[in-house]
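Quick note, the sequences are listed as chains A and B, same order.
Count the first sequence with the numbering used here and you get residues 1 to 415, in order.
Count the second sequence with the numbering used here and you get residues 416 to 861, in order.
Worth flagging that the hints you see were computed from the coordinates, not collected in a lab.
Glycine included, every Cβ here is placed at the ideal spot set by N, Cα and C.
Some hints here could point you the wrong way.
[Claimed, not checked] Over the 10 angstroms line for every Cβ pair with chain A, so calculated as not near, a few chain B residues: (1) Lys433; (2) Leu451; (3) Lys489; (4) Met493; (5) Lys502; (6) Ser508; (7) Ala653; (8) Ser735; (9) Arg769; (10) Asn847.
[Said to hold, decoys possible] Listed below are several chain A residues computed to face chain B (Cβ distance under 7 angstroms; list not exhaustive): (11) Val134; (12) Tyr135; (13) Arg150; (14) Lys151; (15) Glu250.
[To be verified] Cut-off 16 angstroms, straight-line C-alpha distance, at most; resulting in silico cross-link-like pairs (EDC-like, lysine to aspartate or glutamate): (16) Lys220(A) with Asp733(B); (17) Lys716(B) with Asp656(B); (18) Lys151(A) with Asp503(B); (19) Lys40(A) with Asp84(A).
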Amino acid sequence: MSFFRKKVYACSGFYTVSLGTGRKEFHPKKPRPGIEHYIKEAGLGVIEQISNPEHIDEGIIGNFIASRFCHQGNLGGFFPMVHDTFQYKPCMRVEGACDSGGLALAAAVKTVLADIADVVMCLGVEVQNTVKAVYGADYLAAAGWYSGERKQGHAYFFPDQFSQRAGACFDKFGYDRVRPGMARWYVNAIENARKNPKAQEYHNKNSDLNGTGMTSPNPKAFCEYINVFDCSKVSDGAAGLLFASERGLEKIGVSKNDAVEVIAYAQVQDNLTTPPPDLTKLTTCEMAAKRAYERAGIQPKDLGVLEVHDCFTVAGLLAVEAAGLAGYGEGADFVKDGNTSLDGLIPTNTSGGLIGYGHPTGATGVRQAVDIVHQLSGKAGEYQVEISSERPYGMLSSMGGNDKTVVAMIFKKTE
Amino acid sequence: MDLDQRLQNVTIIGAAGKMGSGIGVLIAQEMARLKLVPENKGNIYRLNLVDVSEEALDGLRAYMKAQLVKAGEKSTVMLRELYRHRKDLVENSDIINAFVDDSTSVLNYSTDLGIAAKSHLIFEAIFENEKVKIKIYKKLNRMCSKDTLYLTNTSSIPIGYLDDSAGLGGRLIGYHFYNPPVVQRLVEVIAAKNTTEELKAVAGELGKRLRKKLVPANDISGFIGNGHFIRDGLHGIAEVDRLKAKFRYPGAVYAVNRITQDFLVRPMGIFQLIDYVGIDVFQCILKVMRTHLPDDSLRSKLIDRMAKYKVLGGQYADGSQKDGFLKYEKNRPVGIYDLRKKEYFHISEEWRKRMDKKLGPLPDGFVPWRGLLMDSNKEEKLRQHFEKITAMDTLGAQLATAFLKKTKDIAEGLVSRGVANSGEDVNAVLMNGFFWLYGPINNYLE
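Okay, chain B solo, but in the shape it has when bound (with noise of 0.2 angstroms):
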């Protein structure tokens, strides 16, 4: 069975998560322009979105409308050629409702697992708790064809591991989106080591299909992406104790966010990035990580705290910041959590002069992350700021070159332990995934 036959009958799990939910815009739209083939006439395409909760299904219709219009909109210019031989359809926007129109005529709503049943292709997007995505694995494999394949956006439980707790013989890889699925390029691709052939080439060609970069990663928990983000978060929080003593706590989360924002020239500092995956996201990902890794310093005690106070981050549906270690005002921090206090300190602007004056100022010519992202001599001004920055003598400089240095050694370690197959795969995670302007592995320290 091939990926254009398999692709007549989809099913994603979660759909209605922040992942699933892209996830089951990307292939709306693909099964959308099988359908409008002229040699596909007469076939049925069938994609069921499948969620716990009518109400969160009914905020994925709304979802999908809106992101199946934006599609839409912004493939106009092929959606004419293909309805080319619709006379009745000749504006943009006669065209552009047509494409919503067939396109959500293959969706499926679902509060039931059992509308899986004819699917030929599954994923699976659903929290990150082993127990029960072996429980649905195991529901699916007893209902669906022995030749259903499937798909598992885990970002940490090895892919091996699950496959053969709910006996899927080979039928699993992993396949990581990034959020948002629509709008990032990156996957990650795990296969597991009895992961079969045909699966890694139909999901080799669905990434073609979806237009997504992907790039492999050994079956080892948190793969690539999160193999760095964890350990440099956690890198990022053992900096804050050190420094807590010189700065006080506040101080000391405000100065480690802004050396890995401003000095790294990173989108986003290593707090604001933990909040923005979610705390109790970050709690659960190191959980399953020291679960299936020999590795005891997977853990953080700031991070259970911080949960154990429901502070927690994470997103609100129109994807703005919710509060965790910072606090937000429009998507800036305006406040850090004091676990001592139970309330946010205020950063006054007083406060932040007084503390950016004992880091020191950025480098001459300094050049925000937005301001480089699409600058096309962005290496070069890069390069130039790194020089600048480990020959100047202020904290700030040295705090950053010493956190540059530790991120390229978790980067090697990947490489040293299998998880990744290359330094440029990690490189290309964390610029594809992370969406940084440079791979931790560089020679910006020689």
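Okay, chain A solo, but in the shape it has when bound (with noise of 0.2 angstroms):
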């Protein structure tokens, strides 16, 4: 039975190269393209895959905070430019921190969902190597509550937060079983971003991934608890994918075989004032994915491809147990047992993550949404898994701030 009171699908998929350290052609002296680009390439490679480009109702854009990084507001004014069907069409962005693009699947499937558009174009966008790391942390510091916790914070504001996370959860579950499980995600996400051209590791030659996964964390230069490599990156890219009615998909020509149906999705917000609950659990991913569970009727073993906000290895570890794959704690050893492998009972980031592929933040939520659709049908290329009839789903978490902005969304594939 599901929570929607008619049928929604998405289709078109597609995202960006995440530009940033570790990409060959990337050079941080060097002219790169603009915010302005990578709206027009997701948008472009929507649009490309559809025939009738005109019977796109409404443009909905995820974006966290380029009016400090890239100096630009008023996102859905670059709707038209992308393609002269959103000339005097609704467009707008959407906001929610890192969760943005999360928010944005959500705001598109609503419009379709609430019966005033057929078919919405959803995009997602950042663009963060415009400053150095430094500068960009207090940016991204505005994730959290400003005038209450950033100048008690870190200089990295938020690799600090899921440091104290990772400290919190060494001291309840040993560090000897949350060091190696946070290693084994970081193994993961770049064994999984080798086989996907667009992720900024792509190129990643490391022959000793766990070695590095282990490194020591150095407190004088970063954080306490975890080093860089346990970070998501600091990212260019954009995704885009169309949501769509029954009779969307007949008047842009794709056929549901090349579709997959969203079933149910949920959206929580925690007060931005007030500090986690407990540091050892992402209690708001817990509640948003309990949710979108209840509403689609499916239980976490009935899901074949997950997609979690692996924004630090450590969230990831805490992810997998907010979807309930996991016990409270048992999120390492889950990992480490490679249940999240490509080849596991879980197949989880399978196109890199957020480590792997990239973090342009707006862009992260839908990104991970093209990635589900992709995987759903059959279009995930070299790091497709297998999904089964008895698990047809997928679930995407999409989170901004320290847990406290959470869209996740569940998908089947098309019978």
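These two chains come separately, so use the hints to put the complex back together.
Now the structure itself:
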């Protein structure tokens, strides 16, 4: 029994290369494409997969903070630049920190469900390499509570927030259990990214990934409990896909076989001004997943593929627990035992995730949806996993801030 | 007077040069750090940066600002702690800007040596000319307090000789930074016979504060760094003389440079290194060493001719390489200076291949210097590399083996002549100051 009153489909997914350190073509001192380039590349990447773009009714773009990284606001205004079809149609940008892409997905689905659009283009974008990481950390800290937290916070505000979570997990579950799990998460991320030509870590040739993952932290230059390899990348990139009703699919000439069904989502908000209730748990992510499962009428064991928000390796472990795949405190063991690998029980972040593919923040939720759509429609290329008829579902969990703003969305392979 | 007190008023002479400016950045950071400690509130800190021209000082202002911004960006974690009491500074950018303001506010730029009169610690980093250095020290000694301590960045002139000539009474120590001082960790410390214990202690403490690796060298001209480099360079030149009949002159330079870079897994070949340091600087150090050492072999007609024709190497302000023995494009050699024709011989791909064929291939599994730099297993890989080199019968391998042996002889000579206290110290200088992956005293040939 579906939570939705009508069928909603996702199709025509596309994302750009995630550009930043690690990519051979990236050079910090050389000119790079601007935010307009990424929006256009992702938008046209979607449009080129359909036959009648004039039937797209609306555009929604997720973006966190282009106003600081790129001095650019009013991103809805770039849709008509992507294609004439958007001229004088409703277009807007939504923001929820690193969950901006997730909120864009939710907004697009709502618009279709509300019967005010048959086809909505959903984009996400972020361009972050415009400043050095130490200044980018300032901008990204806006995902927390500026007047209540920033002054007391660390130079690298968000890495430190999750470093504290790692420290709390070490204390509670044991360093020797958790740390190897974090390293294994890193290994999986890079190995998956090596199969994805658009991933930031695609060119990674490191022969000792586990050793790198276990690198000792350097608190004088960075954080107390995590190293730089535990962190997602500073990335430039964009992603896009379409959400459509059944009638919408027909209008744009996409068959159901090339689309996947969106069967439920949950959008959950926690209070930005209160600290997390438990550092060893992603409480809001757990709430979102639980509601999404209830609305979809499925259980975690029914998932064939999973996308979680691994902004840090420890967040990956906690997100797997929050998604109900591993018990409380058992995420590290679950990952270390290979359950989240491409050939594991529940292949997770199959294209590299935020650590392997990259984390162009506003694009990430949309990129996750594109990967789920690709997996469920058999278009994931080198990192395609087998989707059995017993487990035809995929879920994404997109998180903003320190477990504050979350969208969980469940997709189903079409029959 | 302790180091903290001395650091309230410091002067750097020759502050706009590449060594003086780097030392300036390091000292400015340390002074800013002291200034921010609550107990030091009310203290006045001054770093006097002295050089000969206003134009040079203008360039120095821009350099100091850019370097202090970089330093702030690198140490933001620590700076957030230092500025925790400043409620108005919230973001990293606020804090970095405040640090740059605090650091630059201690700086005094001047062309007048008189500004050093109140300094208790003076760094001298002018060009390698002992007469000028002595003249400056005499002048400083007349106007500064009798407990002022002096640190010289000389890389070759004996410290005792300078001290005696200027009448400093043991208040001078050799404090030889490597280029660029902001990045390079090595400082060679050279105490003369009469250098005071107080100065030795201050030099040691300062090294810790600046997070430098201090290696002691004895007061013999050239010390360890140039003691090795200059002789290594002269050997490279002698090899060119020996090989030029067989390869012609450009071929011999190419061969020796390639052997020393690739076959010996060094950051650059010996001729590129001479160019990097500067051919005129190399010539000047040779002259100083010849003056103070009973060794007439410390001379090179080739170096003198290159200098005479103003083919000098060195670096541009942005750190890129000027042409010298080799011509560079994007810091890669593309030509070799032909003294006979007074123009650069172009290294064509075809010519390069022909030369490389004569030398023979590198051993299987060869990894260049850059590839091994961060490799945790580099010792074992180097051992295997040299094992293969010594077993190969090619011309390249033979030349490399002979060069490796000569380099080791030079290093052991520094220990036997008392320049270095130990082989470890020689290895430490080459590995930290010249970025070698291994020390010249090794057992690769055994």
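Tested hints:
| no. | hint | verdict |
| --- | --- | --- |
| 1 | Lys433 | 21 angstroms, holds |
| 2 | Leu451 | 16 angstroms, holds |
| 3 | Lys489 | 8 angstroms, violated |
| 4 | Met493 | 7 angstroms, violated |
| 5 | Lys502 | 7 angstroms, violated |
| 6 | Ser508 | 6 angstroms, violated |
| 7 | Ala653 | 41 angstroms, holds |
| 8 | Ser735 | 14 angstroms, holds |
| 9 | Arg769 | 31 angstroms, holds |
| 10 | Asn847 | 20 angstroms, holds |
| 11 | Val134 | 5 angstroms, holds |
| 12 | Tyr135 | 6 angstroms, holds |
| 13 | Arg150 | 5 angstroms, holds |
| 14 | Lys151 | 5 angstroms, holds |
| 15 | Glu250 | 51 angstroms, violated |
| 16 | Lys220(A) with Asp733(B) | 29 angstroms, violated |
| 17 | Lys716(B) with Asp656(B) | 11 angstroms, holds |
| 18 | Lys151(A) with Asp503(B) | 9 angstroms, holds |
| 19 | Lys40(A) with Asp84(A) | 12 angstroms, holds |
Comparing the model with each earlier hint shows violations of hints 3, 4, 5, 6, 15, 16; every other hint is respected.
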